[in-house]
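Taken in sequence, the protein lines are chains S and X.
The first sequence: position 96 = 96 (UniProt numbering), numbered continuously.
The second sequence: position 37 = 37 (UniProt numbering), numbered continuously.
No lab work stands behind these hints: they were computed from the structure.
One or more hints might be untrue.
Every beta carbon over 10 Å from chain X, so not counted as near; a handful from chain S, in silico [to be verified]:
1. 73
2. 86
3. 188
Here are the simulated lysine to any residue pairs, SDA-like style, with alpha carbons at most 20 Å apart [unchecked claim]:
4. S:73 <-> X:217
5. S:110 <-> X:27
6. S:110 <-> X:229
7. S:110 <-> S:57
8. S:110 <-> X:244
9. S:110 <-> X:18
10. S:73 <-> X:244
11. S:73 <-> X:235
12. S:73 <-> S:115
13. S:73 <-> X:256
14. S:73 <-> X:18
Beta carbons: idealized from backbone N, C-alpha and C, even for Gly.
Okay, here's what each chain looks like letter by letter:
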Amino acid sequence: MTRLHAQDVTLGYEGRTVARDLSVAIPDDSFTVIVGPNACGKSTLLAALARVLAPTAGAVVLDGASIASYRSKEVARRLGLLPQTATAPGGITVGDLVARGRYPHQQLLKQWSDADEAAVAEAMTLTNVADLAPRLVDELSGGQRQRVWLAMALAQETPILLLDEPTTYLDIAHQVDVLELCARLHGDLGRTLVAVLHDLNQAARYATHLIALRPGGVVAAEGPPAEVLTEELVTDVYGLACRVVPDPETGTPMVVPRRPLRSREASADGVVRADG
Amino acid sequence: MTPGRVGSPLVSGRLLRLAGGRVSVRVGPRSVAVGAAAGAVVLVGAVVAMTTGEFPLTIAEVGETLVGQGSRATEFVVLTLRLPRLLLAIGVGAALAVSGAVLQSLSRNVLGSPDVIGFTTGASTGALVAIIVLGAGTLGTSVGALVGGLVTALLVVALAAGRGTQGPRMVLIGIGIGAALLAVNSWLITTAQLQTAVDAQTWLLGDLGNRGWPQVVALGVVLVLLLPVLFGGARRLALLELGDRPAGALGVDVGRTRTLLLLGAVGLAAASVAAAGPIPFLALAAPQVARSLTRAATPVLLPSALVGAALLVVSDLAVTRLFAPVPLPVGIATGLVGGLYLVALLVRLWRRSPT
Numbered sequence: 001m002t003r004l005h006a007q008d009v010t011l012g013y014e015g016r017t018v019a020r021d022l023s024v025a026i027p028d029d030s031f032t033v034i035v036g037p038n039a040c041g042k043s044t045l046l047a048a049l050a051r052v053l054a055p056t057a058g059a060v061v062l063d064g065a066s067i068a069s070y071r072s073k074e075v076a077r078r079l080g081l082l083p084q085t086a087t088a089p090g091g092i093t094v095g096d097l098v099a100r101g102r103y104p105h106q107q108l109l110k111q112w113s114d115a116d117e118a119a120v121a122e123a124m125t126l127t128n129v130a131d132l133a134p135r136l137v138d139e140l141s142g143g144q145r146q147r148v149w150l151a152m153a154l155a156q157e158t159p160i161l162l163l164d165e166p167t168t169y170l171d172i173a174h175q176v177d178v179l180e181l182c183a184r185l186h187g188d189l190g191r192t193l194v195a196v197l198h199d200l201n202q203a204a205r206y207a208t209h210l211i212a213l214r215p216g217g218v219v220a221a222e223g224p225p226a227e228v229l230t231e232e233l234v235t236d237v238y239g240l241a242c243r244v245v246p247d248p249e250t251g252t253p254m255v256v257p258r259r260p261l262r263s264r265e266a267s268a269d270g271v272v273r274a275d276g
Numbered sequence: 001m002t003p004g005r006v007g008s009p010l011v012s013g014r015l016l017r018l019a020g021g022r023v024s025v026r027v028g029p030r031s032v033a034v035g036a037a038a039g040a041v042v043l044v045g046a047v048v049a050m051t052t053g054e055f056p057l058t059i060a061e062v063g064e065t066l067v068g069q070g071s072r073a074t075e076f077v078v079l080t081l082r083l084p085r086l087l088l089a090i091g092v093g094a095a096l097a098v099s100g101a102v103l104q105s106l107s108r109n110v111l112g113s114p115d116v117i118g119f120t121t122g123a124s125t126g127a128l129v130a131i132i133v134l135g136a137g138t139l140g141t142s143v144g145a146l147v148g149g150l151v152t153a154l155l156v157v158a159l160a161a162g163r164g165t166q167g168p169r170m171v172l173i174g175i176g177i178g179a180a181l182l183a184v185n186s187w188l189i190t191t192a193q194l195q196t197a198v199d200a201q202t203w204l205l206g207d208l209g210n211r212g213w214p215q216v217v218a219l220g221v222v223l224v225l226l227l228p229v230l231f232g233g234a235r236r237l238a239l240l241e242l243g244d245r246p247a248g249a250l251g252v253d254v255g256r257t258r259t260l261l262l263l264g265a266v267g268l269a270a271a272s273v274a275a276a277g278p279i280p281f282l283a284l285a286a287p288q289v290a291r292s293l294t295r296a297a298t299p300v301l302l303p304s305a306l307v308g309a310a311l312l313v314v315s316d317l318a319v320t321r322l323f324a325p326v327p328l329p330v331g332i333a334t335g336l337v338g339g340l341y342l343v344a345l346l347v348r349l350w351r352r353s354p355t
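Start from the sequences, fold in the hints, and give me the full structure.
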């Protein structure tokens, strides 16, 4: 029994089917990471779980009822989404953008409460953007901007948080920043997290539950990263020959791609020539 | 928490708390200032419009006439000539401005206003069909304009379907449909009898003269019905500007909200065309003026409405007082000024993004 799962969903856009009869359960209190090759339907699945994309068949179930049967604001009080593409309106301040995360908790004539203020302040502190409150979002760096969007999703104060490629466009230090923050949200604050990530090693490091999709939106394997992330799986799902070794820092599986035979010979030649 | 205004260090604007905190509304001080200034312009314009002209009156005389104690002459000037014209200027200005603000926000494009994407041209086509083909009178012309505007909007939205109302797609399709309808309008006029053609052409210029209480009442009813719907949707409109998925994740029912706002905006534009004919560029310019004056990051519907009303009241005063005794149709003035404004706006947009 989980709070959030997709049951035999068929997903697609305008007649193009991305996934068929896909069933995925998000374990409660997990940090679930979804991985898979490009265009395998990871983000589409996340959108369906967040109710921003309606499945053409099957249903996403939230707390025992079809997610489509809830009022939009009710869903937004239970789960939040950090989307991959969001546009900040020109001229908006950081504080105002984060404050928009409070919308599901507000009403037409009750637009700002002390709880709103507290939630926004806490979200901005957690993401380390509190000092930026009066700044314009347009003026921020990519790393800062991503943390602001994350703060907006956090201000929503949902027990479940979905993150669509939260590390894209960030340099490695900022990627680690964001992932460490996620780990803290999961570990210290008890949120259930679901993230789509591209980097398998980061996925293995931070996930408590890993879901690997193969092209066509089929679950290739799921479970603890140590069991899921094997050489066979990476070859099977990505068509990439690799070795999986323990991460020297955390002991979690680490994928080291093998080089194709031809380029290995070429570089070996290079080495020989350099030596000679 | 005490009632009154409370500032927050995190979010901009002031918080208005009433009824012991049960009601709390965020307002931007600049929006209030801009709205108040535009309202003051409307008020001054109204006084000038009521007292000056071919038949000058004092404020006292106008006041007496309004409460039913004027002479027959002042009653004719005030109640038949000037008041309906003034109210129409306020109503049409507000309707076009709000329609433009909502559509520009939904399309996330300055050019997404109803006069650029063919909605008002379609309303004109409807009105011309009523005048020329059906030989309709005032009421029929208004109905024709409403039907024409709504059908055009449905056509444009249907052709842009699947991609939503955002991005350049709806704007480009709208411009194309608008161009085609402009040709249809010209063709309709060539098929008409001379006098009908002259009437139709006059109507096409967009004018507040030769209108009366029926138009004022009809537009007033539409405003009373639609403005609360659109003002009530303003917060969701602001969230839609983040993108469909982010807005959906924040609890906005994206499809229903967009349909509701779109229909409301089209209804306002069509109703204003029905009342006064097509008055160009007001729907484009008024929301932009309001947004840049308020420096708001969200669509500002109420200030837009007041700015639109102020612009049209002043424009109508200009064409009637500067060009007396043969006033220009106000559509010519807004077309001229608005066209130049559009050029300036585009130049500024290009400078900002040179690609």
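| Given hint residue 244 (chain X) paired with residue 73 (chain S) - CA-CA distance at most 20 Å | Roughly 15 Å separates the two Cα atoms, so the pair holds.
| said: Checking one constraint from the list: CA of residue 73 (chain S) to CA of residue 115 (chain S), max 20 Å. Satisfied? | reply: holds (17 Å)
| message | Please verify that the nearest CB of chain X lies beyond 10 Å from residue 73 (chain S)'s CB. | response | violated (4 Å)
| Under the criterion that the straight-line Cα-Cα distance not exceed 20 Å, is the pair residue 73 (chain S), residue 256 (chain X) satisfied? | holds (13 Å)
| Pair hint residue 73 (chain S) and residue 217 (chain X), alpha-carbon separation not exceeding 20 Å | Violated, because 38 Å separates the two Cα atoms, which is more than 20 Å.
| request: Given the hint that residue 73 (chain S) pairs with residue 18 (chain X), test it: the Cα-Cα distance must not exceed 20 Å. | output: Since the Cα atoms of residue 73 (chain S) and residue 18 (chain X) sit roughly 25 Å apart, the hinted pair is violated (cutoff 20 Å).
| request: Decide if the proposed pair is consistent with the structure: residue 110 (chain S) and residue 18 (chain X), CA atoms, cutoff 20 Å inclusive. | output: holds (10 Å)
| query | Does the alpha-carbon distance linking residue 110 (chain S) and residue 57 (chain S) stay inside the 20 Å limit? | reply | Distance of about 38 Å is beyond 20 Å: violated.
| request: Mind checking the alpha carbons of residue 73 (chain S) and residue 235 (chain X) for me, to see if they're no more than 20 Å apart? | output: holds (13 Å)
| query | Per the stated criterion, does the least C-beta distance between residue 86 (chain S) and chain X lie above 10 Å, as a non-interface residue requires? | reply | violated (4 Å)
| request: Mind checking the alpha carbons of residue 110 (chain S) and residue 244 (chain X) for me, to see if they're no more than 20 Å apart? | output: With Cα atoms ~24 Å apart, residue 110 (chain S) and residue 244 (chain X) exceed 20 Å; violated.
| query | Holds or violated: are the alpha carbons of residue 110 (chain S) and residue 229 (chain X) at most 20 Å from each other? | reply | holds (18 Å)
Checked against the numbered hints above, the structure violates hints 1, 2, 4, 7, 8 and 14; every other hint is satisfied.
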